[in-house]
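J.: Using the sequences provided together with the hints, build the complete structure.
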Amino acid sequence: MSSLQPLKGTHDLMFDDIRRHRLVEETAFEVASRYGFSEIATPVFEFTDVFKRTLGDTSDIVTKEMYTFETKGGDSITLRPEGTAGVARAFISGGLAQQTPLKFFYRGPMFRYERPQKGRQRQFHQIGAEILGVPTPQADVEVIALAAHVLKELKLTGNVTLELNSLGDIESRAAYRDELVKYFSARKDQLSQDSRDRLERNPLRILDSKDPGDKAAVADAPSFTDHLNELSRDFFKAVQDCLAAQDIAFKVTPALVRGLDYYGHTAFEFTTDALGAQGTVLAGGRYDGLIKQMGGPQTPGIGWAAGIERLSMLLSDLPPAKRPIAVIPIGEEEAKIALDITAKLRHAGFTVDMGYSGNMGKRMTRANKIKAVVALIIGSDEVRDGVATVRNLDTGDQVKVPFADLARHLSGHR
RNA sequence: GCGGGUGUAGCUCAGUUGGUUAGAGCAUCUGGUUGUGGUCCAGAGGGUCGCGGGUUCGAGUCCCGUCACUCGCCCCA
Numbered sequence: 002m003s004s005l006q007p008l009k010g011t012h013d014l015m016f017d018d019i020r021r022h023r024l025v026e027e028t029a030f031e032v033a034s035r036y037g038f039s040e041i042a043t044p045v046f047e048f049t050d051v052f053k054r055t056l057g058d059t060s061d062i063v064t065k066e067m068y069t070f071e072t073k074g075g076d077s078i079t080l081r082p083e084g085t086a087g088v089a090r091a092f093i094s095g096g097l098a099q100q101t102p103l104k105f106f107y108r109g110p111m112f113r114y115e116r117p118q119k120g121r122q123r124q125f126h127q128i129g130a131e132i133l134g135v136p137t138p139q140a141d142v143e144v145i146a147l148a149a150h151v152l153k154e155l156k157l158t159g160n161v162t163l164e165l166n167s168l169g170d171i172e173s174r175a176a177y178r179d180e181l182v183k184y185f186s187a188r189k190d191q192l193s194q195d196s197r198d199r200l201e202r203n204p205l206r207i208l209d210s211k212d213p214g215d216k217a218a219v220a221d222a223p224s225f226t227d228h229l230n231e232l233s234r235d236f237f238k239a240v241q242d243c244l245a246a247q248d249i250a251f252k253v254t255p256a257l258v259r260g261l262d263y264y265g266h267t268a269f270e271f272t273t274d275a276l277g278a279q280g281t282v283l284a285g286g287r288y289d290g291l292i293k294q295m296g297g298p299q300t301p302g303i304g305w306a307a308g309i310e311r312l313s314m315l316l317s318d319l320p321p322a323k324r325p326i327a328v329i330p331i332g333e334e335e336a337k338i339a340l341d342i343t344a345k346l347r348h349a350g351f352t353v354d355m356g357y358s359g360n361m362g363k364r365m366t367r368a369n370k371i372k373a374v375v376a377l378i379i380g381s382d383e384v385r386d387g388v389a390t391v392r393n394l395d396t397g398d399q400v401k402v403p404f405a406d407l408a409r410h411l412s413g414h415r
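In the numbering used here, the protein residues as written are 2 to 415.
Careful, some of the hints might be misleading.
To be verified - Straight-line distance between alpha carbons at most 20 Å, and here's what the computed PhoX-like set of lysine-lysine pairs gives:
no., residue 1, residue 2
1, K211, K189
2, K323, K370
3, K183, K216
4, K53, K153
5, K119, K9
6, K65, K53
7, K337, K363
8, K345, K323
9, K216, K189
10, K119, K211
11, K401, K345
12, K323, K372
It should be emphasised that the hints constitute simulated quantities derived from the structure, not laboratory data. Keep in mind that this is a model prediction, so the values were computed, not measured.
T.: Structure representation (structure tokens):
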């Protein structure tokens, strides 16, 4: 069974792949900081209950996609499949109720036992943001504005659109749910097998089915918008007005629903047409009941998460990596001096690479391969004169520069 | 969990109706140039044809199984 392959649905990240990841994470965190979010890092595993109690017993994530196992101590623990539950748990166990409102940004790996495909891995990475303790639409709008800002800053290729919906409060949702079940039950024969199952488990999910038969049935289904009570309707309107006021374009999509049970009121998704079946690039919503449900004080919350792999695929060209300075000694004694120069330049803030072995030709080839800007050639003549030959690797021009003047001479390449 | 596609050199791929020593480009290494790379020229190394079984005088090629990757369903970020 053991093999030298990575496990299904996992990947090694290196070179440009990890640079893309970093770019997404760092851009997002930088923007989030401007909005007053601070970083939180919760453990990658939690007691299984943390996820079981929050995600809802009917969600596929809980029923078949969690990496759950027993520890040597006999506890059932689970590798986190998403980030919000951990943040909510930290809020409760850390006694943070006194410090609301709180704004958290997080990043890190998540785990779901799914069949991999494009934009879907078993270990994947998310960035996410949460606002805890703010019941008003301002929080919804700030969190969406942050999301839009992050996506804009990443300069994604293709079209990304914001879809928005309201899932109403508990009362509205229960009423609508009953209505939907009644409607679809009467048309059961038109529905796909999947949707017949959903009728029991999660009828709202039928609304965003891709099955053509389902779509036909959905077309005339009662609309959620018509079933929102006054409070929910006002809330939704306030969110929309405020987004419009901030020039954030959105499309109200009545079929937009959430997979996880803890969402209510605002639900939103940024989607793209560039990723095949996995078109959702960032998604979130309001979860006012979550923290109470987990055993904490009643605390409203709203947040989103985005898949770094999906965002990475939409990144246009990476900015070029920093080009190093290559130090090339010729001879043993010269290598010692070169090492000293290398160290001094590094401490002075330069990016410097000195190869480990090889004659000059090999070292030049290597300098070329690592895309060095200049090569500092240090041979016996140079050591005798106290200079380094500084060769510009793009133009081929070379000049001799006294050791003491190197930092100043190279300052443009820092 | 269900359905489709693909597995040949480090990478991208070609390989005729089954036929004898399995090819190319890129990459790598060596030499031309032992203190000058990126260009050029010459040469070299590198393959259990994913794995197992079957059909056949003969299988990279056909059949069955299996594993991996991939796309879609489902689910979701």
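J.: Against this structure, judge whether each hint is valid.
T.: Quick rundown of the hints versus the structure:
1. This hinted pair checks out: K211 and K189 have alpha carbons roughly 16 Å apart, not beyond 20 Å.
2. Distance hint between K323 and K370 is fulfilled; the C-alpha atoms sit about 13 Å from each other, no more than 20 Å.
3. Of the pairs offered as hints, the one joining K183 and K216 holds, with about 17 Å between alpha carbons and a cut-off of 20 Å not exceeded.
4. Proposed proximity of K53 and K153 is contradicted: the alpha carbons are some 35 Å apart, above 20 Å.
5. Distance restraint check for K119 and K9: the Cα-Cα separation of roughly 13 Å lies within the 20 Å cut-off, and the hinted pair is therefore satisfied.
6. Our distance criterion of 20 Å between C-alpha atoms is met by K65 and K53, whose separation comes to about 11 Å.
7. In summary, the hint linking K337 to K363 is supported, as the alpha carbons are separated by about 19 Å, within the 20 Å threshold.
8. Restraint check: the Cα-Cα separation between K345 and K323 comes to about 19 Å, which is no more than 20 Å; the hinted pair holds.
9. Between the alpha carbons of K216 and K189 the distance comes to roughly 13 Å, so the proposed pair stays at or under 20 Å and holds.
10. Between K119 and K211, the direct Cα distance comes to roughly 18 Å. Compliance with the 20 Å bound is thereby established for this hinted pair.
11. Taking the CA atoms of K401 and K345, the gap is about 18 Å. The hint holds against a cut of 20 Å.
12. Distance restraint check for K323 and K372: the Cα-Cα separation of roughly 9 Å lies within the 20 Å cut-off, and the hinted pair is therefore satisfied.
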